[in-house]
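Trainee: Each chain, letter by letter, is given below.
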Amino acid sequence: MSGHAPIAGRLLTKPFIVLALLFMLAVAILLARFIFGLGAVTNINDGYPWGIWIVIDVMIGTAIGCAGYAVALLVYLFNRGEYHPLIRSALMAGLFGYTLAGIAVIFDLGRYWQFYTLLLPWYVQLNSVMLEVAWCVMAYVVVLWIEFTPTFLERLGWHNIREKLSKVLFFFIALGILLPTMHQSSLGTMAVVAGHQISPLWQTQMLPALFLISALLMGYAIVPFEAILAALGLHQPLETPLLAKISAVALAVALFFLALRFGDLIWRDALGLALAGDIQALMFWVESALFIVPVLLLATRTMRTNPRLIFLAAISLLLAGSLYRINTYIIGYQPTAGATWSYFPSVTEIMVTVGIFALEVMLYLLFVKYLPVLHGAAAPPRART
Amino acid sequence: MATIKPQADTHLDEFVGSLGGVSRRSFLKFCAGVAATIGLPAGMAWRIAEAASSPHRLPVIWLSAQECTGCTESLLRSTHPTLEQLILDAISLDYHETLSAGAGHQAEAYKQHSLQENKGKYVLVVDGSIPLKDGGIYCKVANRPIVDHVREAAEGAAAIIAIGSCASWGGIPSSSPNPTGATRVSEVLKDRAVVNIPGCPPNPYNFLTTVLQFLAFNSLPELDSKNRPKFAYDRLIHENCERRPHFDAGRFAVTFGDEGHRQGWCLYKLGCKGPETYANCPSILFGDVGSGAWPVGCGHPCFGCSEEGIGFTKSIHQLAQLRNVTPPAAYPNISEPVGQGITPGSAALVAGITGVVLGAGAVATSRLGSSSDNASADSNDEHD
Ligand code: SF4
Ligand code: SF4
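From first to last, the protein sequence lines are chains A and B.
Residues 12 to 396 in this note's numbering are what the first sequence spells out, letter by letter.
Residues 288 to 671 in this note's numbering are what the second sequence spells out, letter by letter.
Quick caveat, the hints were computed from the structure, so don't treat them as lab data.
Here a beta-carbon is modelled for each residue, glycine too, at the ideal position from N, C-alpha and C.
Do not take every clue at face value.
As the list claims (entries may be wrong) - Distance windows between CB atoms, simulated:
#1 A:L131 to B:L363: 48 to 56 Å
#2 B:L645 to A:K25: 20 to 28 Å
#3 B:L363 to A:W278: 53 to 61 Å
#4 B:L645 to A:R279: 30 to 38 Å
#5 B:G642 to A:L131: 45 to 53 Å
#6 A:W278 to B:G628: 29 to 37 Å
#7 A:V29 to B:E526: 48 to 56 Å
#8 B:G628 to A:R91: 46 to 54 Å
#9 A:L142 to B:C585: 37 to 45 Å
#10 B:K517 to A:L176: 53 to 61 Å
#11 A:R279 to B:H587: 43 to 51 Å
Sequences are here, hints too, so could you generate the full structure?
Mentor: What follows is the structure, encoded as structure tokens:
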């Protein structure tokens, strides 16, 4: 895989230190969580058993991690080799998103010490959506690490093993496409299971499809987002023609998503609730706007060659997909009619989520600086970075 | 059983009259219920229906020792529409002290006749405990101690069923100080297998199901180490009790009529013996009137009537010994926290993060050229 190179440069920059502090704060909070229990640091309760640790760290984390999946889909399934330069950084986003999501689940498990029973066949309940998600995510994390192994081997100079690995890699690449398809849709199925507790604005039998498509969409958004930030912050060359192409893919997927989403709302006669004037209606419109804006920003070919618009569209799509998940699982969720449950994440809860994202960025910096991840990487003009 | 279906259909249509006005439909429904209770597929209901409506009825000899007739009563008072007619028509109840048409010498003579005639074919049912003290004189029928009757009838019996706690393990009469030396049926029939159906009284369906299995398949249900049918007695009351979530959450009624009692909390602290009593009361219920129709469902602790060494032995409000689950040392709160809404701190934090994200996005965007040229990379900062 020629053309990929580490960009070197100093690791301990000021931003990196800030990120490290944020991460250490999260570790301290998690320590309290494991000593004093979930109630001590989170606001989740019997009515809202799933808070932001699940919805943001896991659901949104893995959706962002769909970059590897989304690009692999293009490169290998549709045989569009021109996207190949993007695959490593996309895979890396997947690697971090999924590995950290897998770890973050443990924080939220009340009886985390029972976690290993997931792997014992005699405890298995094969009709459980949760089981499917857990198994798929675990398997996919392993597959991602294997898919990413060539990068390590290149760095270590073990070209022999690298050659051998590439002979069997196709198998893992196939798995890497199958597994996310399965579990990203299952993440939607878990909301279907919640039934009438979720507002009709989000509750639908189409949730699995909508979750899968929006995850793909976030995957296609994170690639230009990351590339542009790398260009800005790490002084990397920007491959605008490629980003323009992937933006066109994102546009098509976004249009498909919107058609399905609104078609479903109209079909189920649920759109009236969007005019109810409550917090759910408001969030529905914010979410929908975030999905629609990128479509407008990327509408024409010339617009799609403008990095500024690509970047804005990518941010909007990422926020849209994230809000879609938050809305489905938290805003649109009402435990029991007339009950007094309420949920808003606590400061400590939020800081853990922030810490996990900080770790993700730190790992990104570490990897691109020391491993051949970025395509056509250039050394930074100033040694300071 | 698909092949016998059409036959059985016509056969049962002919039988309707002798079911005492019971419709074919409700009769089959009953048989399907029986099949389900002993864990058979629904198709087996036809075989049970055939057997139960066969003209060759199973002879049954029912002996009563030291008993209160509660077992018979509950069997008859069962409100299942077809039950009493069915049991009286499907089997040939040749001797039963409460139900026999004849009395005195006539009844005894008929019993002797049946014992000879049906040798090796009849089912012997015994309710009540057997007194052995002083030669068994404390319970006599036809001037002979009941123990003699039981031994005599057991000789030619194809199967022996001890119904009720008294017959199964001694019951009330055997409670301390046990003045009559009351004991269980299996104690006086040591060389025979005795099926125990304990309970005070036992649920009629546990008895009927056992009898109908014998009728239809000429076999007895699988038994546990105390010779109780496993289909009915292999689970603790506590395992299937509808109040169990309250037990697990540490919500207990402490006195009758208190706040917890009125809210339907667990009765463990009132002495419920569910945790040490094996029976299917919470799943099969009593009286065919729907959910909640069993002691715990109505707010009274189970007193372990069916369990040897518990019912009539332990005092009613004594704490049960927990067999397989011990309550946690620290209980969760009784009033669950309903969650905290937004606080100034968390609101400020969310606003701050949103601001940082939007600000960083805006800064990054402004630094991007609007052409397709490479980004102007003139800063030292890194953005995330
Ligand atoms: S102790 Fe009794 S009331 Fe409580 S859960 Fe067990 S069986 Fe039910
Ligand atoms: S609930 Fe307990 S006391 Fe009541 S019949 Fe069942 S075993 Fe006997």
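Trainee: Against each hint, give a clear statement of whether it holds in the structure.
Mentor: Here is how each hint holds up against the structure:
With their beta carbons about 51 Å apart, A:L131 and B:L363 fall inside the hinted range of 48 to 56 Å. Checking the proposed 20 to 28 Å range against B:L645 and A:K25 shows it holds: the Cβ atoms sit about 21 Å from each other. In this structure the hint that B:L363 and A:W278 lie 53 to 61 Å apart at CB holds, the actual value being about 58 Å. Between B:L645 and A:R279, the C-beta spacing of about 33 Å keeps the proposed range 30 to 38 Å intact.
The hinted range of 45 to 53 Å is satisfied by B:G642 and A:L131, whose Cβ atoms lie roughly 47 Å apart. Distance hint check for A:W278 and B:G628: the Cβ-Cβ separation is about 35 Å, which falls inside the suggested range of 29 to 37 Å. Range check, A:V29 to B:E526: Cβ separation about 55 Å, and the 48 to 56 Å hint holds. Checked against the hint of 46 to 54 Å, the C-beta distance between B:G628 and A:R91 comes to roughly 49 Å, which is consistent with it.
Between A:L142 and B:C585, the C-beta spacing of about 39 Å keeps the proposed range 37 to 45 Å intact. Checked against the hint of 53 to 61 Å, the C-beta distance between B:K517 and A:L176 comes to roughly 56 Å, which is consistent with it. In this structure the supplied range 43 to 51 Å holds for A:R279 paired with B:H587, their Cβ-Cβ distance being about 48 Å.
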